[in-house]
Amino acid sequence: MIQLSEELSQIARTVQEFVDNEVEPYAQQIEEEDHVPEHLLEQAKQLGLYGMGIPEEYGGLGLDVIGKCLVLEKMGRTHNGFVSIISAHTGIGSTGIVRLGSEYLKKKYLPDLAEGKLLAAFALSEPEAGSDATNIKTRAEKKSDRWIINGMKHFITNGPYADLFTVIAVTDPSKGVKGGFTAFAVEKDFPGFKVGAVDKKMGLRGSHTAQLFFEDCEVPEENVIGEVGMGYASALKILTEGRCTLAARAYGSCLKLIELASDYMNQRVQFGKPIAENQGLRWILADMATETEVGRAFNYQVAEQLQNGKKAVKEAAMTKMYATETFNKVADRALQIFGGVGYMKEYAVERFYRDARITKIYEGTNEIQRNIVAAQLLGK
391 MIQLSEELSQ IARTVQEFVD NEVEPYAQQI EEEDHVPEHL LEQAKQLGLY GMGIPEEYGG
451 LGLDVIGKCL VLEKMGRTHN GFVSIISAHT GIGSTGIVRL GSEYLKKKYL PDLAEGKLLA
511 AFALSEPEAG SDATNIKTRA EKKSDRWIIN GMKHFITNGP YADLFTVIAV TDPSKGVKGG
571 FTAFAVEKDF PGFKVGAVDK KMGLRGSHTA QLFFEDCEVP EENVIGEVGM GYASALKILT
631 EGRCTLAARA YGSCLKLIEL ASDYMNQRVQ FGKPIAENQG LRWILADMAT ETEVGRAFNY
691 QVAEQLQNGK KAVKEAAMTK MYATETFNKV ADRALQIFGG VGYMKEYAVE RFYRDARITK
751 IYEGTNEIQR NIVAAQLLGK
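Under our numbering, the first residue of the sequence shown carries the number 391, and numbering increases by one thereafter.
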């Protein structure tokens, strides 16, 4: 495993104490109310979590990819809806401006994003362009000193309450993904922008997604992220890092589930002895831990590659796929260990079980990840 600095280790300890002692006691309330208490989000802001990946010169913590993975792994121990709000903001929501934005965009938005005064979101998915991101229909046309966007996005995390959106739109249909897509920084108050219906989901209570509508939405030309026409490449860069940090979140949840299952096995008595003495259950627990640790080691290897400037497209797809499938398996096995009580909503394992399922779908379905891996191996 990668050696961590004392400073980063201290940050990790602080984050774990925060999620275990401050957030977790509200997990059931979040489930029941479908709302994250504001004081928890404010505490996260005070800890600098909203600016974990934003450079220090713009007011953030300036964590590298490994640092972000470590922090998000610790956050994965608690309510995934709470974590999703912050990770969407610090990950795909703001990474584009950090990595590709002009100095103007960085100075304008990053300080407020780092403090949590602005909340960020990433808008790529559309009804006809989920897994097939090349099929987006949202258009942007240049008129004088601004771009006019028309179209819609859906399933956008933080959509109902975000202040700033990274929006991918078609700027030259004749070029397609090779020079025809562009990324824009769109504020919620820009003329022609509005939020549509809020989705009702299976899990991730407290974290909300929504449709976004652009009707002659006016965006200043200086709000282009990266180069005009390079939006698809920009999206891939943003998503590649996002897949690595998403994997870290999943492994954090796995570690928490292993703890819960271990404690329960020691406490639960059947046939006159703790179920921890049942060899079949011990083997299940051992498999949960082994697959988690193998995946964690690989994920930090991928994080190191990205941190050193390697594209690691194949490896990022691998780690997202493996981590989210491991999360789903670990959640399923943990629920089996808990038995009937694990199916009850007052137990955390039931929540993790539901929240795990979306991870195999969002930020690129695992079928798409397999296609990416195969394409890289085949030189396509």
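Read the hints as simulated data drawn from the structure, not as lab findings.
Cβ atoms here follow ideal geometry from the backbone N, Cα and C, with glycine treated the same way.
Mixed in with the good hints there might be a few duds.
Below are the BS3-like pairs computed for lysine-lysine, each with C-alpha atoms no more than 30 Å apart in a straight line [to be verified]:
1. K568 - K770
2. K590 - K565
3. K591 - K435
4. K584 - K532
5. K704 - K735
Here are the simulated distance ranges between beta carbons [said to hold, decoys possible]:
6. D424 - K700: 28 to 34 Å
7. P610 - I392: 20 to 26 Å
8. R672 - H429: 21 to 27 Å
Evaluation of the provided hints:
For the hint pairing K568 with K770, the CA-to-CA distance comes to about 15 Å; that is within 30 Å, so the pair holds. Restraint check for K590 and K565: the C-alpha separation of about 36 Å exceeds 30 Å, so the hint is violated. Taken as a hint, the K591 and K435 pair is honoured in the structure, with Cα atoms around 26 Å apart against an allowance of 30 Å. Pair hint K584 plus K532 holds up; C-alpha atoms about 20 Å apart against a cutoff of 30 Å.
A C-alpha spacing of about 38 Å is found between K704 and K735, which places the hinted pair above 30 Å, so the restraint is violated. Checked against the hint of 28 to 34 Å, the C-beta distance between D424 and K700 comes to roughly 40 Å, which is inconsistent with it. The hinted window of 20 to 26 Å between P610 and I392 is violated, with their beta carbons roughly 41 Å apart. Distance hint for R672 and H429: a CB-CB separation of about 41 Å, inconsistent with the stated range 21 to 27 Å.
Going through the hint list in order, the structure does not satisfy hints 2, 5, 6, 7 and 8.
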